[in-house]
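Listed below, chain by chain, are the residues.
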Amino acid sequence: MTHRRPVLHFRAGSRLIAVALALGFTSLLVAVAGASPIETFRLLWDGSLGTGDKFANTVMTWVPLVLASAGLVITFSAGLWNIGVEGQIVMGAIAASWVAREVDLGTAGIITLAILAGLAGGLLWGLLAGALRVYGRVNEIFGGLGLDFVATGLVVYLVIGPWKRAGIASTSGTDPFPREAWLPTIGNKLAPIAVILAVLAVVGVYALMRGTYFGLRLKAVGANATSAFIIGIRTHRYLLAAMAIGGALAGVAGTVQVIGFQHKLVPAISGGYGFLGILVVLLAAYRAAFIAPIAFFFVMISVGSSQLSLRLGLDSSIGGVIQGTLVLVAVLVGGWQAQRARHGAVAVED
Amino acid sequence: MEATIATIVATAAPLVYATVGETIAEKAGVINLSLDGSILLSAMTGFATTYVTGSVMLGFLAAMLVSMVIAALIAFASIELKLNQIAIGFVLTLLAAELSSFLGRPYVGVRGTSVPHWRVPLLSDIPFLGKVLFDHNLSVYGSFLALIAAYVFIFRTKRGLELQGIGERPEAAFARGIPVNRMRYLYTVIGGALVGIAGAAYSLDVKFGWRENLTLNFGWIALAIVIFGGWHPVRAAFGCYLFGALQVLALKLQPVSAFQGVSQILPILPFVLMIFTLVIVYLDWFRRFGERHPRWRRLLSSEPPAGIGRVFERE
Amino acid sequence: MSLELRDIRKRFGAVRANDGVSLQVEEGALHGLLGENGAGKSTLMKVLSGFIEADAGQVILNGRHLEMSSPRDAITAGIGMLHQDPLVFLPFSVLDNFVLGSPNANRVEAGAELRRIGAGFGFSFDLTAPARSLTVGERQQLEIVRLLWLGAKVLILDEPTTGISATQQALLFETLRTLAAQGMIVIFVSHKLEEVEALCDRVTVMRRGKAVGDVELPAPMDQLVEMMFGRPLEVTGRKPGGPGEIALELTDVCVDDRLVSLEDLSMSVRHGEIIGLAGLEGSGQRTLLRTCAGLIEPKSGSVRAAGVDLTSRGYHHHLSSRIHYLPAGRLEEGLIRGVTITEHFLLAGEQTGPIIDWAEARRRADEMLREHSIVGTTESTAESLSGGNQQRLLLALMPDDVAVLLMEHPTRGLDLASADWVWNRLLARVAGETAIVFSSADLDELLRYSDRIVVFFGGRVFKVLDARSTDSERLAHLIGGRDVA
Numbered sequence: 002m003t004h005r006r007p008v009l010h011f012r013a014g015s016r017l018i019a020v021a022l023a024l025g026f027t028s029l030l031v032a033v034a035g036a037s038p039i040e041t042f043r044l045l046w047d048g049s050l051g052t053g054d055k056f057a058n059t060v061m062t063w064v065p066l067v068l069a070s071a072g073l074v075i076t077f078s079a080g081l082w083n084i085g086v087e088g089q090i091v092m093g094a095i096a097a098s099w100v101a102r103e104v105d106l107g108t109a110g111i112i113t114l115a116i117l118a119g120l121a122g123g124l125l126w127g128l129l130a131g132a133l134r135v136y137g138r139v140n141e142i143f144g145g146l147g148l149d150f151v152a153t154g155l156v157v158y159l160v161i162g163p164w165k166r167a168g169i170a171s172t173s174g175t176d177p178f179p180r181e182a183w184l185p186t187i188g189n190k191l192a193p194i195a196v197i198l199a200v201l202a203v204v205g206v207y208a209l210m211r212g213t214y215f216g217l218r219l220k221a222v223g224a225n226a227t228s229a230f231i232i233g234i235r236t237h238r239y240l241l242a243a244m245a246i247g248g249a250l251a252g253v254a255g256t257v258q259v260i261g262f263q264h265k266l267v268p269a270i271s272g273g274y275g276f277l278g279i280l281v282v283l284l285a286a287y288r289a290a291f292i293a294p295i296a297f298f299f300v301m302i303s304v305g306s307s308q309l310s311l312r313l314g315l316d317s318s319i320g321g322v323i324q325g326t327l328v329l330v331a332v333l334v335g336g337w338q339a340q341r342a343r344h345g346a347v348a349v350e351d
Numbered sequence: 016m017e018a019t020i021a022t023i024v025a026t027a028a029p030l031v032y033a034t035v036g037e038t039i040a041e042k043a044g045v046i047n048l049s050l051d052g053s054i055l056l057s058a059m060t061g062f063a064t065t066y067v068t069g070s071v072m073l074g075f076l077a078a079m080l081v082s083m084v085i086a087a088l089i090a091f092a093s094i095e096l097k098l099n100q101i102a103i104g105f106v107l108t109l110l111a112a113e114l115s116s117f118l119g120r121p122y123v124g125v126r127g128t129s130v131p132h133w134r135v136p137l138l139s140d141i142p143f144l145g146k147v148l149f150d151h152n153l154s155v156y157g158s159f160l161a162l163i164a165a166y167v168f169i170f171r172t173k174r175g176l177e178l179q180g181i182g183e184r185p186e187a188a189f190a191r192g193i194p195v196n197r198m199r200y201l202y203t204v205i206g207g208a209l210v211g212i213a214g215a216a217y218s219l220d221v222k223f224g225w226r227e228n229l230t231l232n233f234g235w236i237a238l239a240i241v242i243f244g245g246w247h248p249v250r251a252a253f254g255c256y257l258f259g260a261l262q263v264l265a266l267k268l269q270p271v272s273a274f275q276g277v278s279q280i281l282p283i284l285p286f287v288l289m290i291f292t293l294v295i296v297y298l299d300w301f302r303r304f305g306e307r308h309p310r311w312r313r314l315l316s317s318e319p320p321a322g323i324g325r326v327f328e329r330e
Numbered sequence: 029m030s031l032e033l034r035d036i037r038k039r040f041g042a043v044r045a046n047d048g049v050s051l052q053v054e055e056g057a058l059h060g061l062l063g064e065n066g067a068g069k070s071t072l073m074k075v076l077s078g079f080i081e082a083d084a085g086q087v088i089l090n091g092r093h094l095e096m097s098s099p100r101d102a103i104t105a106g107i108g109m110l111h112q113d114p115l116v117f118l119p120f121s122v123l124d125n126f127v128l129g130s131p132n133a134n135r136v137e138a139g140a141e142l143r144r145i146g147a148g149f150g151f152s153f154d155l156t157a158p159a160r161s162l163t164v165g166e167r168q169q170l171e172i173v174r175l176l177w178l179g180a181k182v183l184i185l186d187e188p189t190t191g192i193s194a195t196q197q198a199l200l201f202e203t204l205r206t207l208a209a210q211g212m213i214v215i216f217v218s219h220k221l222e223e224v225e226a227l228c229d230r231v232t233v234m235r236r237g238k239a240v241g242d243v244e245l246p247a248p249m250d251q252l253v254e255m256m257f258g259r260p261l262e263v264t265g266r267k268p269g270g271p272g273e274i275a276l277e278l279t280d281v282c283v284d285d286r287l288v289s290l291e292d293l294s295m296s297v298r299h300g301e302i303i304g305l306a307g308l309e310g311s312g313q314r315t316l317l318r319t320c321a322g323l324i325e326p327k328s329g330s331v332r333a334a335g336v337d338l339t340s341r342g343y344h345h346h347l348s349s350r351i352h353y354l355p356a357g358r359l360e361e362g363l364i365r366g367v368t369i370t371e372h373f374l375l376a377g378e379q380t381g382p383i384i385d386w387a388e389a390r391r392r393a394d395e396m397l398r399e400h401s402i403v404g405t406t407e408s409t410a411e412s413l414s415g416g417n418q419q420r421l422l423l424a425l426m427p428d429d430v431a432v433l434l435m436e437h438p439t440r441g442l443d444l445a446s447a448d449w450v451w452n453r454l455l456a457r458v459a460g461e462t463a464i465v466f467s468s469a470d471l472d473e474l475l476r477y478s479d480r481i482v483v484f485f486g487g488r489v490f491k492v493l494d495a496r497s498t499d500s501e502r503l504a505h506l507i508g509g510r511d512v513a
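These protein sequences, in sequence, are chains A, B and C.
Going by the numbering used here, the first sequence wraps up at 351, each residue one higher than the last.
Going by the numbering used here, the second sequence wraps up at 330, each residue one higher than the last.
Going by the numbering used here, the third sequence wraps up at 513, each residue one higher than the last.
Hint data in this document are derived by calculation from the structure and do not stem from the laboratory.
It cannot be assumed that every hint is accurate.
[As the list claims (entries may be wrong)] List time: in silico SDA-like cross-link candidates among lysine to any residue, alpha-carbon distance up to 25 Å: (1) Lys97/B <-> Ala342/A; (2) Lys165/A <-> Ala265/B; (3) Lys173/B <-> Ser161/C; (4) Lys190/A <-> Thr52/A; (5) Lys222/B <-> Leu17/A; (6) Lys165/A <-> Ser272/B; (7) Lys165/A <-> Val277/B; (8) Lys165/A <-> Lys97/B; (9) Lys267/B <-> Gln338/A; (10) Lys222/B <-> Pro268/A; (11) Lys97/B <-> Gly415/C; (12) Lys222/B <-> Arg329/B; (13) Lys173/B <-> Trp177/C; (14) Lys97/B <-> Leu311/A; (15) Lys97/B <-> Arg341/A; (16) Lys173/B <-> Leu118/C; (17) Lys173/B <-> Ser97/C; (18) Lys173/B <-> Arg143/C; (19) Lys97/B <-> Glu137/C; (20) Lys97/B <-> Trp177/C; (21) Lys97/B <-> Leu118/B; (22) Lys146/B <-> Arg174/B; (23) Lys97/B <-> Arg288/A; (24) Lys97/B <-> Phe291/A; (25) Lys327/C <-> His237/A; (26) Lys97/B <-> Gly486/C; (27) Lys97/B <-> Leu17/A; (28) Lys173/B <-> Glu137/C; (29) Lys97/B <-> Glu81/C.
[Stated by the list, open to error] Residues on chain B that point at chain C, a partial pick, calculated with CB under 8 Å: (30) Arg126; (31) Lys173; (32) Gly175; (33) Glu183.
All values derive from a computational prediction rather than experimental measurement.
Just so it is clear, CB atoms sit at the ideal spot from N, CA and C, and this is done for glycine as well.
The shape of chain A in the complex, shown without the other chains (with noise of 0.2 Å):
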């Protein structure tokens, strides 16, 4: 499994043939379910953005996402199947949530301390999968498994457990964190410090890739990591690199996820944005440029599909129906464009 990061060619044509694909399988499915498919897509949009609270409500989702696929972008680069986020992101919400109960020094002091914190222990996690995968020859995806498996156990541990609320042990997370530990919000949802950290990811992320030694390393440790090896790269450093920055910006999208939308530990803290991060990757053909808007399409659709369980009876996992019928179309579309491509290039010389 040397070439492991799939070269996928995308054309604007393959993305709007695999929206339109998508969409029509999904009304499909709402059909056979017994709803409407324009009342439900209606849903879907004014669930999402219907209101100024909504849309602060679906940008705050958007900001985690963002995060975590900023990371996976640079992992994907190096080759490495990152399945571990999840646990990176748990991890990075740990470690905030532990800033945001134990230390008292004013709202600055906490979320700067929260966010380095998080950034620490999502790298901290992230690293050891790369170190089990680069002096272990542990596969990533088995390796990073076994983290997400570990995380998981100690975040339902310490809800039920060292942190469980005044009185009782539930599985609903810990007691509310104090204000000044809470993201400072316009309005009552929307946090500016999160919206610049995911904007300063992108574009860190994307400029990385684009103009620097390290990404072109990357990029080429991720293509043939023996090729880039003999050609003089220190692979092992670069994957670790890689791992420790995936990890890093999983970290932050855990600390967002606890300091500035559900402000206490919940067990599924992660909310699932590690995987969806791999599938708006997929999408975005791994490329920084396309991670954002990609990003808020898949956000708005899970957020709004929450809408659509409580208007319409449908199981709100018709969102991940989408999402993942969207990637797998897109995927597949792409796949029979290049391959046509291939074949093309002997037609059009004759």
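Fit chains B and C to the supplied structure of chain A, relying on the hints for placement.
Chains B and C alone, transformed into the frame defined by chain A:
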């Protein structure tokens, strides 16, 4: 003791199906990474079909069909479109899981039929072994059959040798007149059928019923066990029973008062332990240990088929 | 029995590998197919064996048109091909390899047949040994017997002498003569004139995808050379210069590298010196090169370069001591698929700050392309280049001040013009004090360019020779483990 071991054997049965199925596909060179989602969707489909039709048989068939379609899709994407098997498998695993939640909603919490129990006459009277092996539901016997059949097929038949050849060096198999890609479709889909049985075995036998994420993470464990098993069905089955034992242990510890505070994380522990057993098998020093001690080598060696994950294209 | 290929056409992308090739072979004849690397011989033979489908053309055996859509059709028609790298399954046993794909299911019978047919040619097999443990020559023998057992009446051999010893080659040639005498059609594909001359009764010469001549042998050498290359042959020779200081020195080095272990190896390479490594594939040449490069850590002994101890310092430390390594797999262990030429130069060159100046990088890459006459643009990816251009790019990526250059098969698979160009470049570097250690399966190449030749056999150094007082016959025997001098 007998009862405990019998429980382990029963608990591990679905995993045996899944690992045997995945082993067959990977032996042919195709990685079906969609296992976790496939099993979920098959479990849901199997239960729903049985609930609606009242037939356990139809439930199993429907479950098989679902996972076969997913497997065929992976084979198609890999063989015809030259797409990365890991990528397509990962997308499918998430999609199938979401679909199982979406489509399975009406069946959450309802009671359905389950696989009939059958004490094998005479054999079940053997002391110890009788209770452990021959006093089970039918799907458990099926897992024995699948395991033995896969072993015999892969290592004792002409077609099985061809299967190994396809995964090891597809060009060489092709030069010998074997239609490599057609066979890859076939074995990936057969593997998918077994994965489907695994799903149905969970919802119709081990867990009796359907709820969201009923079998979450079992597919990942199955994938890990295939590697742990060094692409050998019998060794993989050993991994399944080990995992079953861990699960039963966790279950037994739950009521123990010393673990009261942490009883909710006990179900996660087998996954953690199993994955890290695998990590140890992976580790370099462990491999070198195997190389240094020839007697252990056969037992520990775990070379994947050389052509695994690689697209075969005749120039 | 007669075989005819009529107007075969096959193209890969823009390359016309076979551009209307016709070929006629009669039974009982040893027919040679001669041409440079890249002339289209292998493509033609893969079409004949059903391994690839032609775009157009016909295959006619005994007056009957054959429908060739897969190797199965070829096998059924009695056409069998021995590929250049014998297509055996390395971890499987000899017997498993023998029966795999055959319609006969009885393993005991099959094993007996393998032994019986093999014994007729002087081959012997250990049925339970894994194919991995066989030499290339033994793998060929296994494949030949298997094809005969399957009923092959037409036997194609694609460059079968690459990587086998003189003894095995003699046995192979004898086998082929016997088979031809029994009335089989034998097609012997080679880029080596001498071999075709020594073995074949008739030869078809291919050049650039076309059959350019068909002559009875023996024929005048000049005529064949002219047909093969379209011009008289000129190859750059080597004027040995006086070697300088010691560039790299191994002292009592012991290495364990899976099947190969080198023991108590001491040797030194001087600036301006070329050392050739000879031996069958996997006899230890690669192990030595990789030890010199710092990729394999010696168990004991020392590796020193220009007086500095490099033992156990690792590959990148060797690189900074200006010791460079160029493995055989150009796209596997040298260049990177999907990465452009400009990016390759950036990766291999000196880093100037953390930010890349793309305009400057493209300008410099373009300069290098012209200087090394590489056909491609700055934005071409590595895999889009031809083999010759890939090798040129690899050489262009090396800095000028390389002290020791370790190379595996510097010209494998290249046509003569590219090979000659590569050696011109290498010799220029040697004149500029670089020391070269290279391995090759081409005895002429070893003899033509080396000062000294180190012969490996069975995972150890068998002999060290002065290249100027050795001939190819002696060398061929030595790599088979026989010292006849």
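Structure-based check of all given hints:
Restraint check for Lys97/B and Ala342/A: satisfied, since their Cα atoms lie roughly 13 Å apart, inside the 25 Å limit. Distance hint between Lys165/A and Ala265/B is fulfilled; the C-alpha atoms sit about 22 Å from each other, no more than 25 Å. Of the supplied pair hints, the one linking Lys173/B and Ser161/C holds, its CA atoms being roughly 23 Å apart against a limit of 25 Å. Taken as a hint, the Lys190/A and Thr52/A pair is honoured in the structure, with Cα atoms around 12 Å apart against an allowance of 25 Å.
With a C-alpha separation of about 42 Å, the suggested pairing of Lys222/B with Leu17/A is violated against the 25 Å cut-off. Pair hint Lys165/A plus Ser272/B holds up; C-alpha atoms about 18 Å apart against a cutoff of 25 Å. Taken as a hint, the Lys165/A and Val277/B pair is honoured in the structure, with Cα atoms around 12 Å apart against an allowance of 25 Å. For the suggested pair Lys165/A and Lys97/B, the alpha carbons sit about 50 Å apart, so the restraint of at most 25 Å is broken.
Among the hinted pairs, Lys267/B with Gln338/A is inconsistent with the structure: their alpha-carbon atoms are about 54 Å apart, more than 25 Å. Only pairs whose Cα atoms come within 25 Å are accepted, and Lys222/B paired with Pro268/A is accepted, the gap being roughly 24 Å. Distance check on the hinted pair: Lys97/B and Gly415/C sit about 24 Å apart at the alpha-carbon level, within 25 Å; holds. Proposed proximity of Lys222/B and Arg329/B is contradicted: the alpha carbons are some 46 Å apart, above 25 Å.
Under the criterion of a C-alpha separation no larger than 25 Å, the hint pairing Lys173/B with Trp177/C is consistent with the structure, at around 17 Å. Proximity of Lys97/B to Leu311/A is assessed by CA-CA distance (about 42 Å); at most 25 Å being required, the pair is judged violated. Under the criterion of a C-alpha separation no larger than 25 Å, the hint pairing Lys97/B with Arg341/A is consistent with the structure, at around 12 Å. Under the criterion of a C-alpha separation no larger than 25 Å, the hint pairing Lys173/B with Leu118/C is consistent with the structure, at around 18 Å.
Distance hint between Lys173/B and Ser97/C is fulfilled; the C-alpha atoms sit about 24 Å from each other, no more than 25 Å. Restraint check for Lys173/B and Arg143/C: satisfied, since their Cα atoms lie roughly 20 Å apart, inside the 25 Å limit. For a cut-off of 25 Å, the pair hint linking Lys97/B to Glu137/C is broken: about 40 Å separates their Cα positions. Between Lys97/B and Trp177/C, the direct Cα distance comes to roughly 36 Å. Violation of the 25 Å bound is thereby established for this hinted pair.
With a C-alpha separation of about 31 Å, the suggested pair Lys97/B and Leu118/B falls outside the 25 Å cut-off, and the hint is violated. The suggested pairing of Lys146/B with Arg174/B is violated, with an alpha-carbon distance near 35 Å, which exceeds 25 Å. Between Lys97/B and Arg288/A, the direct Cα distance comes to roughly 21 Å. Compliance with the 25 Å bound is thereby established for this hinted pair. Proposed proximity of Lys97/B and Phe291/A is supported: the alpha carbons are some 24 Å apart, at most 25 Å.
Of the supplied pair hints, the one linking Lys327/C and His237/A holds, its CA atoms being roughly 23 Å apart against a limit of 25 Å. Restraint check for Lys97/B and Gly486/C: not satisfied, since their Cα atoms lie roughly 40 Å apart, outside the 25 Å limit. Of the supplied pair hints, the one linking Lys97/B and Leu17/A holds, its CA atoms being roughly 22 Å apart against a limit of 25 Å. For the suggested pair Lys173/B and Glu137/C, the alpha carbons sit about 14 Å apart, so the restraint of at most 25 Å is met.
As the CA atoms of Lys97/B and Glu81/C are separated by approximately 19 Å, the hinted pair is consistent with the 25 Å bound. A distance limit of 8 Å between C-beta atoms decides the matter here; for Arg126/B the minimum to chain C is near 50 Å, and the interface restraint is violated. Given hint, Lys173/B at the interface with chain C, holds; its Cβ is 5 Å from that chain's nearest Cβ, closer than 8 Å. Taking 8 Å as the C-beta cut-off, the interface hint given for Gly175/B is violated, the closest approach to chain C being about 11 Å.
The beta carbon of Glu183/B is positioned within 8 Å of a beta carbon in chain C (closest approach about 5 Å), and the interface hint is therefore held.
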